[in-house]
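Spelled out from the first residue to the last, the chains are:
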Amino acid sequence: MSSSSQVTESWISSFCGLLGHEYFAEVTEDFIEDDFNLTGLASQVPMYKEALEMILDVEPEEDEEDEEEEEEDEEDDDVLGEERRGGYRRAGDRRHLRMASDVSVVESSAELLYGLIHQRFITSRQGIQHMAEKYELQHFGTCPRVHCNSCKVLPVGLNDSPGHETVKLFCPSCLDVYTPPNSRFQAVDGAFFGTTFGSLFFMTFTDLDIGGGRRSAAGAADALMAIQAANAEAKGRGSTSNANITSINGVAPHNLAPGLGVGNIYEPRIYGFRVSERARTGPRMKWLRMRPADITELDETRRFWEEREQGEKKPDDDDMTMVDVQRGGNPVDKRKKAVARSRRTNGSGIGGGSPMDTGSIGAG
Amino acid sequence: MDDFVSDTDSDYTSYWRDWFISSRGNEYFCEIDEDYLTDRFNLTGLNADVQYYQYALDLITDVFDVDCDDQLRDAVEKSARHLYGLVHARYIVTTRGLAKMLEKFKKSDFGKCPRVMCDSHPLLPMGQSDLPGNSPVKLYCARCEDIYNPKSSRHSVIDGAYFGTSFHNILFQVYPTMLPSKSLRRYEPRVFGFKVHAAAALARWQDEQREAMRERLKAAKVDVLFEEDEDDEEEGEPVSDEDEEMDVGEQGAALVAAK
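For the record, the sequence lines run as chains A and B. Quick note, the first sequence lines up with residues 1 to 364 if you use full-length UniProt numbering. Quick note, the second sequence lines up with residues 1 to 259 if you use full-length UniProt numbering.
These are computed hints drawn from the structure, not numbers from a lab. Hints may be right or wrong, so weigh each one.
Interface residues of chain A toward chain B, partial, derived using beta-carbon atoms under 7 Å [stated by the list, open to error]: (1) R145; (2) N149; (3) C151; (4) G163; (5) L175; (6) V177; (7) T179; (8) T195; (9) T196; (10) S199; (11) I245; (12) I270; (13) R280; (14) P283.
Chain A is nowhere near these chain B residues, computed Cβ spacing over 10 Å in every case [stated by the list, open to error]: (15) I21; (16) S22; (17) R24; (18) E27; (19) D35; (20) L37; (21) R40; (22) V63; (23) D67; (24) T95; (25) L98; (26) E145; (27) R154; (28) F172.
For lysine-lysine, the following DSSO-like pairs were computed, each having C-alpha atoms within a straight-line distance of at most 30 Å [claimed, not checked]: (29) B:K151 - B:K112; (30) B:K78 - A:K286; (31) B:K100 - B:K78; (32) B:K112 - A:K134; (33) A:K286 - B:K221; (34) B:K104 - A:K286; (35) B:K182 - B:K107.
All values derive from a computational prediction rather than experimental measurement. A virtual CB, placed ideally from N, CA and C, is assigned to each residue, including glycine.
Construct the complete structure from the given sequences, taking the supplied hints into account.
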């Protein structure tokens, strides 16, 4: 595409290479060049146009339209005061003036704009894939909590508008957020990652094994307990048993906060004796790290209807429960199939007409 | 730089304990009183655990003056660190030890809780076992009552037994005023402003457990106070009104499309 990015390092890659910017993914130029993706940002960023030009490494022109593609064949690098070819003289002069006066303003605007675009980019198909690679390589670090067993974490914001909080790390194993261990990340705005990304990531990549290899060792006792509980429950509840549940509330049971629950809660002891709950200094926060041994307890829909009288109008069996159970030899449950089918017919699925799907739009 | 074992050979005549607690990586230790170290009762049983026990003790108390080769000195040095750690675990649960550790706690010498909702509450060092060699030191946050790994690798090699499983709990028994207030605040995973159903359902279940605990304790006439009890509202700070939820990933993606 743009020749300048091949000749020298682009603004984007140099920005992502800075110390403290290790969490950032490189937003593709395609994504930035699609105006739809920038909707509303012009009002949030001072010197928006200059900032955008800086991000895309394009030379500013006096009266250009918003077609960045026109500038593709510009050969200039961003060396200041370099002799320019006649056609670009005016642009070069203006750039020179601008550089002299407010380069730092534009630079900080560009960083803000890049951050806001980044927030949108990492929730797009392409961006989230990019972040998945970084996640796999453990670029974001691991959870500091002992019972999470160094589970990989994701950068998130606690606010979507800039200037509120710095970036935090979301641990899917305990569903909690932590401050990055290194202080250099305390200069990075959380809004550049946004509140949505962390959860959307694990909704998108449902096959990831969040807990890693921990289940086999630490969870052995839990698993046994769960199986026993399940067997007891199964008799009372008919077909639903824990052993073959594939999804609870839309999440695979082994991926639902695997770092919480029995065996993963800190138990305060003095000389081997547990500190009583009734003591003034006794434990009060265990609830924060609890998780039911029988996860069907979290199926609120079923619990709601179980409490109602038999005679009342109940929804269909499919809507009765948020638990998906593997039936017979068919691992794909009904609910998912139905969703998949309806998506195929109206053609507006993830890969279809999503405006965030830059793979198909930006390339055109 | 005085953080290498080899450098200590020349330093051993000066106060070994001063050097030890001020060297890099040993920030979690407090200085053990001379009196405590010289009282043999306090060291009961440690001679079985430590090689060159007498030499190591002499080194710690600055009376080691045996001429020996570097190899032996290194071994003694190593033993001395181990012995110091084991005595440390006993010392910090004494009145004076607790007072010293309390000062360090107040200065946040052990670091601050990484959990965002704990608002950088100071941590305390602890071990998961009282026997040496089982697990490295962990950090306990009294606000969320959970344990964390030290963020620096130079601390994560310290044996947890040098602090023990009881110390941090005893500290709050002795200084109950140091107990922090507990908070109901928690992180709510959201997608485009909507709570994630699986996480929200778990949070509601946890809230039920907490209320059950409160009932239990109320019946036992024990006060349980959380910070938010006054206004009795959870701080759903970022987005307030929308309480609808998402349940599956597919819908999340559909929302992306809608956005």
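Hint check:
Using the Cβ-Cβ criterion of 7 Å, the hint placing R145 of chain A at the interface with chain B is satisfied: the shortest such distance is roughly 6 Å. Interface restraint check: N149 of chain A against chain B, minimum CB-CB distance 10 Å, threshold 7 Å, status violated. Taken as an interface hint, C151 of chain A does not check out: its beta carbon lies about 12 Å from the nearest beta carbon of chain B, beyond 7 Å. Against a cut-off of 7 Å between C-beta atoms, the interface hint on G163 of chain A is violated, since the closest Cβ of chain B lies about 14 Å away.
Annotation: interface hint on L175 of chain A holds; nearest CB of chain B at approximately 5 Å, less than 7 Å. With a cut of 7 Å, the hint placing V177 of chain A at the interface with chain B holds, because the nearest CB-to-CB distance is about 5 Å. A hinted interface residue such as T179 of chain A counts as satisfied when its beta carbon comes closer than 7 Å to some beta carbon of chain B; here the least separation is about 5 Å, so the hint holds. This hint holds: T195 of chain A has a C-beta 5 Å from the nearest C-beta of chain B, less than the 7 Å allowed.
A cut of 7 Å between beta carbons decides the hint on T196 of chain A: the least distance to chain B is about 5 Å, and the hint holds. Hint status for S199 of chain A: holds, given a least beta-carbon distance of 4 Å to chain B, under 7 Å. Given the 7 Å rule on beta carbons, the hint for I245 of chain A is violated: about 13 Å separates it from the nearest Cβ of chain B. Hint status for I270 of chain A relative to chain B: holds, with the closest Cβ pair at about 5 Å, below 7 Å.
Among the interface hints, the one on R280 of chain A holds; its C-beta lies about 6 Å from the nearest C-beta in chain B, closer than the 7 Å criterion. A hinted interface residue such as P283 of chain A counts as satisfied when its beta carbon comes closer than 7 Å to some beta carbon of chain B; here the least separation is about 6 Å, so the hint holds. The claim that I21 of chain B lies off the interface holds: its Cβ sits roughly 24 Å from the closest Cβ of chain A, which is beyond the 10 Å cut-off. For S22 of chain B, the requirement that its beta carbon stay farther than 10 Å from each beta carbon of chain A is met, with the minimum near 23 Å.
Annotated as non-interface, R24 of chain B keeps its C-beta farther than 10 Å from every C-beta of chain A; the closest such distance is 18 Å. Taking the minimum C-beta to C-beta distance to chain A, about 16 Å, the non-interface status of E27 of chain B holds against the 10 Å cut. Listed as a non-interface residue, D35 of chain B keeps its Cβ farther than 10 Å from every Cβ of chain A; the least gap is roughly 24 Å. For L37 of chain B, the shortest C-beta to C-beta distance to chain A comes to about 22 Å, beyond the 10 Å cut-off, and the non-interface label holds.
Against chain A, the non-interface label of R40 of chain B holds: every CB pair exceeds 10 Å, the least being about 22 Å. Annotated as non-interface, V63 of chain B keeps its C-beta farther than 10 Å from every C-beta of chain A; the closest such distance is 33 Å. Look at D67 of chain B: its CB is around 43 Å from the nearest CB on chain A, clear of 10 Å, so calling it non-interface holds up. Non-interface call for T95 of chain B relative to chain A: holds, since the shortest CB-CB distance, roughly 16 Å, exceeds 10 Å.
Against the 10 Å criterion, L98 of chain B stays outside the reach of chain A, whose nearest CB is about 13 Å from its own CB. A beta-carbon of chain A is positioned within 10 Å of the beta-carbon of E145 of chain B; the least distance is around 4 Å. A cut-off of 10 Å between C-beta atoms confirms that R154 of chain B is not in contact with chain A; the least separation is 13 Å. Once the 10 Å rule is applied to beta carbons, F172 of chain B is inconsistent with being away from chain A; the minimum gap is 4 Å.
For a cut-off of 30 Å, the pair hint linking K151 of chain B to K112 of chain B stands: about 10 Å separates their Cα positions. As the CA atoms of K78 of chain B and K286 of chain A are separated by approximately 39 Å, the hinted pair breaks the 30 Å bound. Between K100 of chain B and K78 of chain B, the direct Cα distance comes to roughly 25 Å. Compliance with the 30 Å bound is thereby established for this hinted pair. As the CA atoms of K112 of chain B and K134 of chain A are separated by approximately 27 Å, the hinted pair is consistent with the 30 Å bound.
With a C-alpha separation of about 19 Å, the suggested pairing of K286 of chain A with K221 of chain B holds against the 30 Å cut-off. The hinted pair formed by K104 of chain B and K286 of chain A meets the criterion: a straight-line CA distance of about 26 Å does not exceed 30 Å. Using a Cα cut-off of 30 Å, the hinted pair K182 of chain B and K107 of chain B holds, with the two alpha carbons roughly 20 Å apart.
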